[in-house]
Amino acid sequence: MNIVQKLTNFLKFAAILTIAIFYMSPFLMVIVNSFKQTSEIILNPFKLPESFSFANYISAAIKMKYWNAFLNTLIITSFSITLIVIFSSMAAYIFVRKNWSINKIVFSMMIASMIIPFQSIMIPLVKIYGSLNLLNNKWTLIYMYLGFGTSFAVFMYHGFIKGIPYELEEAALVDGASEFQTFWKIVFPLLKPVTYTIVILDSLWIWNDFLLPSLVLISAEKRTLQLSTFYFYGTYNTDYGLAMAALMLAIIPIIIIYLLLQKYIIAGIMKGAIK
Amino acid sequence: MIKPKNIRNLRTYIIFAGIPTLAFLTVVILPFIYGVYLTFTDFNAVETVNQFLSKFVGLSNYVKAISDSAFRESFLKTFKYVFYTMVFTNLIAFFLAYILTSGIKGQNFFRVAFFTPNLIGGIILGFIWQFIFNSAFPYIGYKLNIPLFYDSWLATPQKAFWALVTVTVWQYVGYMMMIYIAGFVSIPQDLLEAATIDGAGKWHKLVRIILPLMVPSFTVTIFLTLQRSFMVYDLNLALTRGGPFKSTELVSMHVYNEAFLYQRYAIGQAKALILFITVALITMIQVYFSKKAEVEI
Chain A
1 MNIVQKLTNF LKFAAILTIA IFYMSPFLMV IVNSFKQTSE IILNPFKLPE
51 SFSFANYISA AIKMKYWNAF LNTLIITSFS ITLIVIFSSM AAYIFVRKNW
101 SINKIVFSMM IASMIIPFQS IMIPLVKIYG SLNLLNNKWT LIYMYLGFGT
151 SFAVFMYHGF IKGIPYELEE AALVDGASEF QTFWKIVFPL LKPVTYTIVI
201 LDSLWIWNDF LLPSLVLISA EKRTLQLSTF YFYGTYNTDY GLAMAALMLA
251 IIPIIIIYLL LQKYIIAGIM KGAIK
Chain B
1 MIKPKNIRNL RTYIIFAGIP TLAFLTVVIL PFIYGVYLTF TDFNAVETVN
51 QFLSKFVGLS NYVKAISDSA FRESFLKTFK YVFYTMVFTN LIAFFLAYIL
101 TSGIKGQNFF RVAFFTPNLI GGIILGFIWQ FIFNSAFPYI GYKLNIPLFY
151 DSWLATPQKA FWALVTVTVW QYVGYMMMIY IAGFVSIPQD LLEAATIDGA
201 GKWHKLVRII LPLMVPSFTV TIFLTLQRSF MVYDLNLALT RGGPFKSTEL
251 VSMHVYNEAF LYQRYAIGQA KALILFITVA LITMIQVYFS KKAEVEI
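Residue numbers (our numbering), protein chains in the order written: chain A, 1 to 275; chain B, 1 to 297.
Hints listed in this document are in silico derivations from the structure and should not be mistaken for laboratory results.
Please note: incorrect hints may appear among the correct ones.
Unchecked claim - Computed list of lysine-lysine pairs in BS3-like fashion (alpha-carbon distance at most 30 angstroms, straight line):
no., chain 1, residue 1, chain 2, residue 2
1, B, 77, B, 64
2, A, 162, B, 3
3, B, 205, A, 6
4, B, 105, A, 271
5, A, 12, A, 263
6, A, 185, A, 98
Just need the whole structure built from these sequences, with the hints factored in.
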């Protein structure tokens, strides 16, 4: 490598490093200021905290009912995803393996529905489920996530199952296994890569979703993290130190997962995007 | 006449696909159809008698929607927002992907860093930037004497619009960068080497080889930026709440407010369907032309 090449590479590195620092600076600002008192922040938002204290975090966690919101979000996300994975993989299996007309009709309806944005369904959705008195219930929300998430998951599984040779299942069926057993013992384990992709994409979607839970979950104790952050910030947005700590509390779980699983997360998102 | 075989098949269908079919039909299809029906009625949220059978009013909700100047303004503003977001996001993302596939030190670390905002909800991102615009920027403005940053960008309509564009671009750049990186990586190296041997310069290779082979990536990124920015709601709500003076009320928020704030369900739903049809048409046209531009090796 000659000197000119080395120099250009160094310049490129320096340029991208500068861009990255600016790019990440909003997060750095939140971290730094989450440890400060509001008066300190107003005086100079760029200064490092004078004393290192978790007081803001503790106070924010209590006021936004953090654990409650965290648990709600965890329950809603994990139940929704478990249901989406179980039922969508089974449905996709039957759609691929059985040449029935009902399969074709439902599958093409699912594919077509993927272009419908949530905003063009939300009004009648609220109206229907409201008049049935099913709103303000996290199980309704989980059921809705199954309904909204199933099309994409079926689509992903469908593409993958098509590539699995039928001989494997045939052998099991000949040996007297039922279709249900064959699916769970032989096919489902093979679907692991798609399952990972779906779990990652749907976790991010459901964990971070705001609009649907804001319409379904009305009472305060049922709120998810996004909702409780939203209402908390609306009340305390002039108390900067507290507000920054609340934002950090909302971000931390995702960042921990991201640091642990970044390779899988990025790969999963890429697979989902290219479809 | 129902044959026993059909009954058995139906049983298998219900075991395997019954629940997801039911959920899909009752959560997506039924509300969609009922939503279309709603737009032809005079239904609004306050009404309680005769809930499901309101008066039929023909196309008057659509007429009202289109003749509502606030809706038209919101729509135009959204177009403008989508345009700038799409252009800047893709330019910057392409540039970053170009640099981060050239084998510089720590490129994986940079990729991971630029991607981070996409993992966090729009509500939280909006609040983070609200703080940056309201507190950090004015502080820099006064210290370094930059008039552009004297006042919060969120306080004037013109700047609030650009604040919204800035944050959206900031959020999406990492995602689109990843898609471009996948595109760059899939370009066959021997093709580029052959071009180098033939004496092609860097610029020449970019325009003649890399760009044409990257068209599939552009199809995806432009589609995603179009679709997402047309439908943006969370970020809009957290960053500006549509303000100041409704100047940044993008169309999703307009629809939301129409239905849930002013309780006009039928007109709100008509507007939502107009939005849906517009976005569906635009993205279909975009995908059609992008696919046409793709080349085979």
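Hint check results:
1. Between the alpha carbons of residue 77 of chain B and residue 64 of chain B the distance comes to roughly 19 angstroms, so the proposed pair stays at or under 30 angstroms and holds.
2. With a C-alpha separation of about 29 angstroms, the suggested pairing of residue 162 of chain A with residue 3 of chain B holds against the 30 angstroms cut-off.
3. Of the pairs offered as hints, the one joining residue 205 of chain B and residue 6 of chain A holds, with about 21 angstroms between alpha carbons and a cut-off of 30 angstroms not exceeded.
4. Restraint check for residue 105 of chain B and residue 271 of chain A: the C-alpha separation of about 26 angstroms stays at or below 30 angstroms, so the hint holds.
5. For a cut-off of 30 angstroms, the pair hint linking residue 12 of chain A to residue 263 of chain A stands: about 24 angstroms separates their Cα positions.
6. Restraint check: the Cα-Cα separation between residue 185 of chain A and residue 98 of chain A comes to about 19 angstroms, which is no more than 30 angstroms; the hinted pair holds.
Checked against the numbered hints above, the structure breaks none of them.
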